[in-house]
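Please arrange chain X on chain B, whose structure you already have, making use of the hints.
Order-wise, the sequence lines are chains B and X. Numbering (UniProt numbering) for the first sequence: 1 to 368. Numbering (UniProt numbering) for the second sequence: 1 to 368.
Hint data in this document are derived by calculation from the structure and do not stem from the laboratory. Every clue listed holds true.
Examples of chain B residues lying across from chain X (beta carbon under 8 Å, computed):
1. Gln37
2. Thr42
3. Pro67
4. Asn83
5. Tyr314
6. Glu323
7. Leu325
Beta carbons are placed, not taken as given, at the ideal position from N, Cα and C, and that holds for glycine.
2 protein chains.
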Amino acid sequence: MRFEVLNRAEKCSARTGLLETYHGIVKTPVFMPVGTQATVKTMTSEELEQIGAKIILSNTYHLYLRPGHKLIEEAGGLHKFMNWKGSILTDSGGYQVFSLGELREIKEEGVTFRSHIDGSLHFISPEMSIEIQNSIGADIIMAFDECIPYPATYEYAKNSVERTTRWAERCKKHHKRNDQALFGIVQGGLYRDLREKSAKDLVAMDFEGYAVGGLSVGEPKECMYEVLDYVVPLLPEEKPRYLMGVGSPDSIFEGIQRGIDMFDCVLPTRIARHGTVFTARGKLVVRNATYARDFSPLDPECDCYVCKNYTRAYIRHLLNAGEILGLRLTTYHNLYFLLRLVEKIREAIEGDYFLDLKEEFFSKYGYR
Amino acid sequence: MRFEVLNRAEKCSARTGLLETYHGIVKTPVFMPVGTQATVKTMTSEELEQIGAKIILSNTYHLYLRPGHKLIEEAGGLHKFMNWKGSILTDSGGYQVFSLGELREIKEEGVTFRSHIDGSLHFISPEMSIEIQNSIGADIIMAFDECIPYPATYEYAKNSVERTTRWAERCKKHHKRNDQALFGIVQGGLYRDLREKSAKDLVAMDFEGYAVGGLSVGEPKECMYEVLDYVVPLLPEEKPRYLMGVGSPDSIFEGIQRGIDMFDCVLPTRIARHGTVFTARGKLVVRNATYARDFSPLDPECDCYVCKNYTRAYIRHLLNAGEILGLRLTTYHNLYFLLRLVEKIREAIEGDYFLDLKEEFFSKYGYR
Numbered sequence: 001m002r003f004e005v006l007n008r009a010e011k012c013s014a015r016t017g018l019l020e021t022y023h024g025i026v027k028t029p030v031f032m033p034v035g036t037q038a039t040v041k042t043m044t045s046e047e048l049e050q051i052g053a054k055i056i057l058s059n060t061y062h063l064y065l066r067p068g069h070k071l072i073e074e075a076g077g078l079h080k081f082m083n084w085k086g087s088i089l090t091d092s093g094g095y096q097v098f099s100l101g102e103l104r105e106i107k108e109e110g111v112t113f114r115s116h117i118d119g120s121l122h123f124i125s126p127e128m129s130i131e132i133q134n135s136i137g138a139d140i141i142m143a144f145d146e147c148i149p150y151p152a153t154y155e156y157a158k159n160s161v162e163r164t165t166r167w168a169e170r171c172k173k174h175h176k177r178n179d180q181a182l183f184g185i186v187q188g189g190l191y192r193d194l195r196e197k198s199a200k201d202l203v204a205m206d207f208e209g210y211a212v213g214g215l216s217v218g219e220p221k222e223c224m225y226e227v228l229d230y231v232v233p234l235l236p237e238e239k240p241r242y243l244m245g246v247g248s249p250d251s252i253f254e255g256i257q258r259g260i261d262m263f264d265c266v267l268p269t270r271i272a273r274h275g276t277v278f279t280a281r282g283k284l285v286v287r288n289a290t291y292a293r294d295f296s297p298l299d300p301e302c303d304c305y306v307c308k309n310y311t312r313a314y315i316r317h318l319l320n321a322g323e324i325l326g327l328r329l330t331t332y333h334n335l336y337f338l339l340r341l342v343e344k345i346r347e348a349i350e351g352d353y354f355l356d357l358k359e360e361f362f363s364k365y366g367y368r
Numbered sequence: 001m002r003f004e005v006l007n008r009a010e011k012c013s014a015r016t017g018l019l020e021t022y023h024g025i026v027k028t029p030v031f032m033p034v035g036t037q038a039t040v041k042t043m044t045s046e047e048l049e050q051i052g053a054k055i056i057l058s059n060t061y062h063l064y065l066r067p068g069h070k071l072i073e074e075a076g077g078l079h080k081f082m083n084w085k086g087s088i089l090t091d092s093g094g095y096q097v098f099s100l101g102e103l104r105e106i107k108e109e110g111v112t113f114r115s116h117i118d119g120s121l122h123f124i125s126p127e128m129s130i131e132i133q134n135s136i137g138a139d140i141i142m143a144f145d146e147c148i149p150y151p152a153t154y155e156y157a158k159n160s161v162e163r164t165t166r167w168a169e170r171c172k173k174h175h176k177r178n179d180q181a182l183f184g185i186v187q188g189g190l191y192r193d194l195r196e197k198s199a200k201d202l203v204a205m206d207f208e209g210y211a212v213g214g215l216s217v218g219e220p221k222e223c224m225y226e227v228l229d230y231v232v233p234l235l236p237e238e239k240p241r242y243l244m245g246v247g248s249p250d251s252i253f254e255g256i257q258r259g260i261d262m263f264d265c266v267l268p269t270r271i272a273r274h275g276t277v278f279t280a281r282g283k284l285v286v287r288n289a290t291y292a293r294d295f296s297p298l299d300p301e302c303d304c305y306v307c308k309n310y311t312r313a314y315i316r317h318l319l320n321a322g323e324i325l326g327l328r329l330t331t332y333h334n335l336y337f338l339l340r341l342v343e344k345i346r347e348a349i350e351g352d353y354f355l356d357l358k359e360e361f362f363s364k365y366g367y368r
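Isolated chain B, as found in the complex (with noise of 0.2 Å):
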């Protein structure tokens, strides 16, 4: 992997660059749609080539309980099982072993938890989340940490942080594949001296790319990006920055603005699947009564397929009648113009007016 810094916003730490793999160049800052059965959802390969992404997300957790690394592995990799051309990036399966594995125990050789598909138990240690993804082989691949959740006692975070930078120094000396760059996950909650030890701990074992974990956990937003505030001018200039599990507009701005290269999130495709959908001026929910005689685009500015082919009316009827295609339009769009939002922010670092098309974005969505 090779990452380059192109531009940088005079009057804040926003930048654009270019992360190169082996599937392909990714302009940055970049929003990473999340496939997390390795399939984003509704949507084949080649719409997401057509709305322009460039990398997705797919999840370590889901892939290893099912379908099986293993068997993924023998279709060739997860590039070739979903037929994606793009790149990928893979978590380490941390996140969701806590959120939705069940009865989980920690301890410092790994952790067992149960599978939330069918109560299964499971060993997960740094090392089999690397070996898993090697197995799945995205282009970057994520050290194996601890999330832990909003709010969290000093106590508890410091023992977690700590244990989570040992594992990512495990992480580093399992990894194999050349082919592959691994990113640390700085953590820590919302404890500054946690957090500044965490990234200075894991920028002295080199890392490829860095991650910001943790965060979008239920804490405020202003917590979040006050942790950004500290956290991201600790971490090398030359290398991507990546704030997980993040993609609102707000905190893709806010994100940007204090220097993050990379995002992604759930959000805009579930909040399609239940009916809202981002236009120029805020959400909209077309699931809603209100739009069952209107016989425009879900968003009038927007150019995707979606707006220029089919009516709120329409969707709205879809969804309501609970067919799949209403499903897909709304996430079609969704995705698209949160990758075209973030493709003019791209623009507006290059042209330097950045903060001018934040302020311009948020006077018609709206601030919240």
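Using the frame of chain B, we list chain X on its own:
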């Protein structure tokens, strides 16, 4: 609407033709994918075009209840509402009133029934069926009929078919739009004299096309073919003939052999959503564990988008994990398979090797 017979097979009643509507030219024989609720389940209009669909069917009963025919009229008609540029046929609502509606009461004037969605009380007469279909605006619309259950007594069938004929007359009288062709529907259960009388009475009314209804409702397939054997010869040569609700490969061959031009059926899309796909070598339940590690396409002899890009193992994983993309891929393939099969049949009739194609097809597909 204009219809022209182009080629006739030598050794059977198979024929090819051209059906021209205000929305394009449809080569016959033709299979019409079913878009019950203004969407062929899981498919965009663009994908329907890609697989070569020229005409689809939509259900008057469903559209009347949701979103309502007046809303569709406001949208500019069903073509515009669902963004479908090809032709559309709507059924009369009769079949669904009898199969889905609850507490129905049949009188000479029309049928009172309760909605399967919310239990609300509704009344549809032949005149109202036509008005609803006028609002929806399909290219071909159907007379309001009663589709009797199998088995039915002679007495019941006789009363019903006589009323259906009277209803057909009322439909014809009430039909206003001259950009919509109105078809009559031959009923009469499995009683030859009733079927023959129905056919003769309807032909005397001079409809623009004729359907054979009330078949594939539980009777042995041989009985269906027998009905076609004596009904089709009574229908005018120069008008299209439509076998309603039939769409398995074997019934399509048998129907075409007996002179049928048009088919529709939910079968290919419904079995797809349950994980069963057509292949040149018979049906395959791709959901089965047998295919977990099968990295070949659904049908190695198929050249559709799905078979060129995705494997059985991947699709099996998607279905197993409850992912919408799985339903999309099986649906797309099954419709492509069936449309391509009917295309091959047309070519065979043109080249006068229809019966040879039939034998060749079933020697691989299996007889059943």
